[in-house]
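Letter by letter, the chains look like this.
Number of protein chains: 8
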Amino acid sequence: MEKLRQLLEKVQRNDVSIDEALKLLKDLPYEDLGFAKVDHHRALRRGVPEVIFCQGKTPEQVVMIVERMMKKGTNIMGTRANAAVFEEVKKVAPQAVYYPEARIFAIKVEPVIKNKGVIAVVSAGTSDIPVAEEAAVTAELLGNKVERLYDVGVAGIHRLFMNIEVLKKAQVIVVVAGMEGALASVVAGLVDKPVIAVPTSVGYGANFSGLSALLTMLNSCAGGLTVVNIDNGFGAGFAAHQINKLGGQEDEASIP
Amino acid sequence: MEKLRQLLEKVQRNDVSIDEALKLLKDLPYEDLGFAKVDHHRALRRGVPEVIFCQGKTPEQVVMIVERMMKKGTNIMGTRANAAVFEEVKKVAPQAVYYPEARIFAIKVEPVIKNKGVIAVVSAGTSDIPVAEEAAVTAELLGNKVERLYDVGVAGIHRLFMNIEVLKKAQVIVVVAGMEGALASVVAGLVDKPVIAVPTSVGYGANFSGLSALLTMLNSCAGGLTVVNIDNGFGAGFAAHQINKLGGQEDEASIP
Amino acid sequence: MEKLRQLLEKVQRNDVSIDEALKLLKDLPYEDLGFAKVDHHRALRRGVPEVIFCQGKTPEQVVMIVERMMKKGTNIMGTRANAAVFEEVKKVAPQAVYYPEARIFAIKVEPVIKNKGVIAVVSAGTSDIPVAEEAAVTAELLGNKVERLYDVGVAGIHRLFMNIEVLKKAQVIVVVAGMEGALASVVAGLVDKPVIAVPTSVGYGANFSGLSALLTMLNSCAGGLTVVNIDNGFGAGFAAHQINKLGGQEDEASIP
Amino acid sequence: MEKLRQLLEKVQRNDVSIDEALKLLKDLPYEDLGFAKVDHHRALRRGVPEVIFCQGKTPEQVVMIVERMMKKGTNIMGTRANAAVFEEVKKVAPQAVYYPEARIFAIKVEPVIKNKGVIAVVSAGTSDIPVAEEAAVTAELLGNKVERLYDVGVAGIHRLFMNIEVLKKAQVIVVVAGMEGALASVVAGLVDKPVIAVPTSVGYGANFSGLSALLTMLNSCAGGLTVVNIDNGFGAGFAAHQINKLGGQEDEASIP
Amino acid sequence: MEKLRQLLEKVQRNDVSIDEALKLLKDLPYEDLGFAKVDHHRALRRGVPEVIFCQGKTPEQVVMIVERMMKKGTNIMGTRANAAVFEEVKKVAPQAVYYPEARIFAIKVEPVIKNKGVIAVVSAGTSDIPVAEEAAVTAELLGNKVERLYDVGVAGIHRLFMNIEVLKKAQVIVVVAGMEGALASVVAGLVDKPVIAVPTSVGYGANFSGLSALLTMLNSCAGGLTVVNIDNGFGAGFAAHQINKLGGQEDEASIP
Amino acid sequence: MEKLRQLLEKVQRNDVSIDEALKLLKDLPYEDLGFAKVDHHRALRRGVPEVIFCQGKTPEQVVMIVERMMKKGTNIMGTRANAAVFEEVKKVAPQAVYYPEARIFAIKVEPVIKNKGVIAVVSAGTSDIPVAEEAAVTAELLGNKVERLYDVGVAGIHRLFMNIEVLKKAQVIVVVAGMEGALASVVAGLVDKPVIAVPTSVGYGANFSGLSALLTMLNSCAGGLTVVNIDNGFGAGFAAHQINKLGGQEDEASIP
Amino acid sequence: MEKLRQLLEKVQRNDVSIDEALKLLKDLPYEDLGFAKVDHHRALRRGVPEVIFCQGKTPEQVVMIVERMMKKGTNIMGTRANAAVFEEVKKVAPQAVYYPEARIFAIKVEPVIKNKGVIAVVSAGTSDIPVAEEAAVTAELLGNKVERLYDVGVAGIHRLFMNIEVLKKAQVIVVVAGMEGALASVVAGLVDKPVIAVPTSVGYGANFSGLSALLTMLNSCAGGLTVVNIDNGFGAGFAAHQINKLGGQEDEASIP
Amino acid sequence: MEKLRQLLEKVQRNDVSIDEALKLLKDLPYEDLGFAKVDHHRALRRGVPEVIFCQGKTPEQVVMIVERMMKKGTNIMGTRANAAVFEEVKKVAPQAVYYPEARIFAIKVEPVIKNKGVIAVVSAGTSDIPVAEEAAVTAELLGNKVERLYDVGVAGIHRLFMNIEVLKKAQVIVVVAGMEGALASVVAGLVDKPVIAVPTSVGYGANFSGLSALLTMLNSCAGGLTVVNIDNGFGAGFAAHQINKLGGQEDEASIP
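Chains as they are written, first to last, in my numbering: chain A, 1 to 256; chain B, 1001 to 1256; chain C, 2001 to 2256; chain D, 3001 to 3256; chain E, 4001 to 4256; chain F, 5001 to 5256; chain G, 6001 to 6256; chain H, 7001 to 7256.
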């Protein structure tokens, strides 16, 4: 906004004519007019990390982006990052932490404001765990308490009932399931809360790389179920965070 | 086999030469050689109706087929038959009965041998009932006891648990479900019996005329689940009958 | 729970033996054990209507369900209801109200607890309005304040910017778009809040009945975007309500 | 049930009040209430192996699961297991046996109850044999007699007719076929028994990884045909076992 | 070619210069240069009708095209023509004949040269007959002897064997089948002749308007099988004619 | 821009403080800042009609939009408009003209600036003509000279060569084709100019409502070919106009 | 037939009773009854090779099949055979020849009867050549004269016209094309002969592994075009041979 | 044309008869008649390179084609060329230049005529850059000025607005985007110029290898948008060049 203020001051001082001012105004970068990212006010976003999607990038490219971001002093997280990427990142950011199952690395510079509510992350099979962990770690890095409830697929549905307290306690629930993807419907049928479903590409045959789970979830009759892209654990964790935030945040004082 | 026996007798009596016999043998209709429908022995099939798929046929065409079949003296059933078709059929077969929800008419000429076991037909939503009824009535006409358990979809899964006795009592279970189709997985996860899943075309949007339910069912992790074509209630009822038959049949004496 | 309590009392009084009690316990309906719909406590759901999906049902069938529900004394809403259905419903429930664009009828018996936050419903083109209205009216009937922002598609994106205050004010945003479906991404890129995207089947050619908009929305890079089924305005309105509820509810006193 | 019995005894002895009992009852794990896996009574399942789906798991993960299962003393089988996995399993379970074509390993601890009937496994081409073997070995490990009839595809259909006795003898038939998948229809057209069709991903071009065979089988007009997922030999073998069991089991005495 | 000859004569007579001739040559319509339809020499095509695809045309449009064609004096056939179209055509061409099952009308002006060989048209179900008739009548109008073998689907495969003489006698075989489409493979596996497969859109569910039959036929392992578009009976009849022609034609004298 | 100028003048006159100005500036509607439709300067668009997509709108809705637009004094065109729509439009705009084959109505209020170049519209079959006319009439209403070349499909490719002068004369070519869609490739292979391909939904069977033509056109190896949506004649005509404009416009004086 | 003759002779001699004969007759292998491969009489097939589809088989498996076939004394060809397979085959069949572009090996034991007509194999791009060669070499090994016309795609369509004599000379034409696949339509539009189209999986993007070319070819309006599976050069060459055979065969004397 | 002239001279001199001339004329290669590539006159194409699509070709094959082209003295460019291909090309053409991100090599022999207008290449994400560079470098090698505007995806849409001058300056705009592909709609909604959209296969899950971006772009409501195949940067650059050429070319003198 500084440039805009300077321009207006020049108008006031008659240093520029109205016509010149109109012309200059049109040439001012969009951001200077204050429209960019309308409600991303810094205050509300204290500690929210910037995110790098590492898939399809070389370790060198990731390091370059990390270095650029570190200068801004924000927290950073990298998704779909393999061990090789982390090794390189660690060289420039020794405080970086790696979550191998989630394939995420995180660089913490400032504390994150905590949300009050709990996010439950539920998954169907062992092979869905990487996507579930991507959702869970994402939510944690964004300042949420997360409870994990894994391996409770429909074929062994009694295990879900045995752990129903986890669902009761949560504000938002992320359900991760491949193959038939029916778990999301079952969970959303049991609770009266926002449920975010993540289809995974786990399976074979007529699974068609996650299409079967995606369609199952989109067609669920259970109210309140919304869906993200196949294998998009990050997206689910991020959306769960945005919802959980509505339930209130801890006092700043809570930041260590 | 009679023609074949007569031919061999002629060979024995030297009424035909070997060469002539070889030639005649080749010209004998395939069926007379006993290969046709290898195990469709009449005895085992007592009362099993002949089936007419009425969809895409005019009432006149259906009546013509009914008349031809009635001459053989077997039971008859017509599937995908609307009321108009039944009206015409009744004119030539006054004993015909119509099951409007199942869209089936039946003409009973001889009694059917009863299977000992029970077939359960379970369905998810109100709109799945026509397909469920097609399965149930088909199974009944083939000589099976059927228990219906409707409107127990995943969104109201507790109703399934409240009626679990029906599943426990059955030898075979047919599960009919549209939309997400998850009910089949849930049922097959609860029991240790053959479960036949019927996806229905009920739904809208990314349901793609039953594709979503079909894929869900094919991808189920629950053991023992097999699938038939979308909306194919008849096929499911027929397959359930073939399986139920393995559990034994009532004495002939049981036939009224 | 009453039946369970009575049983325990009988055990205490030695009116039933332990073995008998175990057997009876197993035969108690599932619901009596208190597991059904785990957190659907009546108190929290005061005024939440029961829902009838009218598509594929005859007016007679809808009326029958309405009458059954009215006996429970809860609010009722019917979705995908055409004028003919409403005419019949009105005969048994004269207080019923019809929202023609949303294709919803509502029967209000008791007041609804109001959520504090606002839900914005944004739509791209004129033909998307029925689905947008289904979402908006659903959210209103569930006790939410709704702001509508229609006809702000990507081809006329400046109209979105001119009305950005609506987005700023909302707790949750529902975006309804057919054809290319890009509006959801643009909105989610501008705000830092939960955004629920509803693809519509509006369009022709390679739109494939909403598939193009669905895929666009699922593949959005904008964080916090989740998706419901094609044309599923009800689902979006319901999920938005569940999220908005987290932001707090008005005092009971607010209920007129 | 032991915990439940103990609780009731405490109620009887007035060691706990009714109110406390109600609260404790609610906290009892679901399984203790006897609902879990409703008819999986141990007696009926004597010898039925627990199953590990090895695809996508490291040898180490498989070994860990094997060790955990071995403690329960049940038989174990691993599907989609390559030789490397088996090498590791053998180290902790020297009695493990490997079926390389079926890609299955088995660890036998207790004898399996045998079913009386025979299961026929029929396959179309040489490349379908791994899936056919997965079905056949699965059925054998579950206690069934299996007859194999391989390489009888539609292009050489006379070989099927030459071996028609195998079909006549079987209680249930599993048909494995890729490419056009027509063999399943031909077999189901010849017999009057349950036929389970397994499409395989064998083929190229418009085969689309098994889609062509899957669709062919789902669309078969032959009565009694049901279908499992592409390449799901295990599922077919398991379902065939469940059906075959209905035909009766050998006396316990038959267990060596 | 006449214009070209006249031009060359002018060059010879020096009525036009070389340069002028080159320029004129370039302006000569393409057809006059003799390239159009390179081997469609009139002599070889004696009696071959011109074809009108009537689907999507109004009766008036069809009549207009018929009148234009009649001036050329060739035979005419109209495919996908309903009774209403034929009624109008008959008014301008009283000799027109209508084949209702094939939905074809024909106007015969000159005799057709007959091919020596026989074309067999085989179909699976009753509902495939319109497409089969389209193929058969097309082939007949093009001068071929046709033998029909209908209702010999895979579910009743013995009927095919009983009529195997029809296949033996034919030079080319057209197989028409919907649903699973397996009949084409079975026929091509029995004979050593060109087989043209026509998938039909008959069926429901996962038939996807003929896709299942199309894929089955494209994936057939039986040698010599080629495929035309779904429901394209005309294309199959036309291609069968072109192949049958290679086996020789009757003497001109054979033309009545 | 007037509001902005007034604001700056107030700043100059010290009628508002800098801080107030900054705040007011932020509240100015987006459009007033001059960003809306960045290069849609009125001068360049003289006579370009506003467009109404009538499909899915009632005649009443169309009339309402027409009346609103007529107040702005611009030309108007309505696409996908049937005769019923036009009848209603004519009542409020008697000067409206209807192009029945193109399904377009136009209301001309001011003259259109003419482009110098010619646009050729080429189509394959009779049934593609409505889409071709939509493209041609759209281009004409936008101020372009159009040459039509219809019925030159690949099956009669010599007719294309006979009329090659049309292709030579054009600046831009629109090719409209259904079924196999190969005509676009052939045309683009013959010329060195921008070619816009429009797949149509004309056809049946494996045409899948235009998908086959769409894929053919997207996969063309011929350089310079770009594609619009199935049946989108308007889009092709509009894009062709934008390209043709680059070749220069007639003097204003040319406007009658 | 020998066994059948012996049986009849025994009946004649009264060595077996009629009843025994009937029973034995039923047990006679199907082939002995003369039904197997109804018209594959040895005489007509002199020299026709047996075919091995090598894809997905190990060199060892191929060698095993080759050895078994060599004992029958027929010619052999292996398709989809890489160099490694050929190296192993050569060890057991030193006379084996390898066609690397066609990925075919051939072992010639007896001469092949030659067909009189010529088969033209036409292909669009350089990358289509392997499939074109598979078709061409297959046709040659089956006894046909083949003319190749490569690299005549639609983008350079004039090269096709320059070589039109090749099309004129042929009895049957095989057209191989990937990407848009339009070449098949163009060729079939130019000639009045059987044309077999082979879509190839060459391309990228919306080519979808050959789907675009497949759909183009199936939707061609050009008469007489039939299609085989994507990349199925062998199938096209085989079908072309069956068609070409109808045009007559050289005298036996022609066999060297 | 020389051969044609010589033939006409012979006719004039009576060295050949009219009949002979007609016959010879028919045998003249198509190209000699002047039809080949109708408007590819050398003069208009000065400097336009010949193009080699290197994907799927060995370095040796590419070198062979390069050598053949170099003899004609035209410029050459190779697309989809990896470094290994370039290494080999450089050995025979030392002046060859490699653009690694665009995967293009170029061999410049003669100067290219420059177009006056500017082409803007806009891309959404980092991973879309290779395709964007393929478009940009192609356009540059064809004689166009190119402005790049990368990383302006919809999630960060303000960066597009900040650089809107690039769009204003351009004659034609190429937009490259994967995932949701919405950027193309946004750009086309902002400008009134030809926009060519290139979907990329960047993404995962329900992106289906670029299908989601392709459908989004085809369904855009923004006028003037046309689309090329997934990842087809070359095609977009080429089409943009053809359009840009219409805006005028620099004087020959401008060629260095």
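There's no promise every hint is true.
[Stated by the list, open to error] Derived DSSO-like pairs (lysine-lysine); straight-line CA-CA distance at most 27 Å: (1) LYS1114(B) <-> LYS3072(D); (2) LYS5168(F) <-> LYS5114(F); (3) LYS7057(H) <-> LYS23(A); (4) LYS5114(F) <-> LYS7116(H); (5) LYS4072(E) <-> LYS4090(E); (6) LYS116(A) <-> LYS169(A).
No lab work stands behind these hints, which were simulated from the structure alone.
How the hints compare with the structure:
no., hint, result
1, LYS1114(B) <-> LYS3072(D), "violated (42 Å)"
2, LYS5168(F) <-> LYS5114(F), "holds (20 Å)"
3, LYS7057(H) <-> LYS23(A), "violated (55 Å)"
4, LYS5114(F) <-> LYS7116(H), "holds (22 Å)"
5, LYS4072(E) <-> LYS4090(E), "holds (18 Å)"
6, LYS116(A) <-> LYS169(A), "holds (12 Å)"
In summary, the numbered hints that this structure violates are 1, 3.
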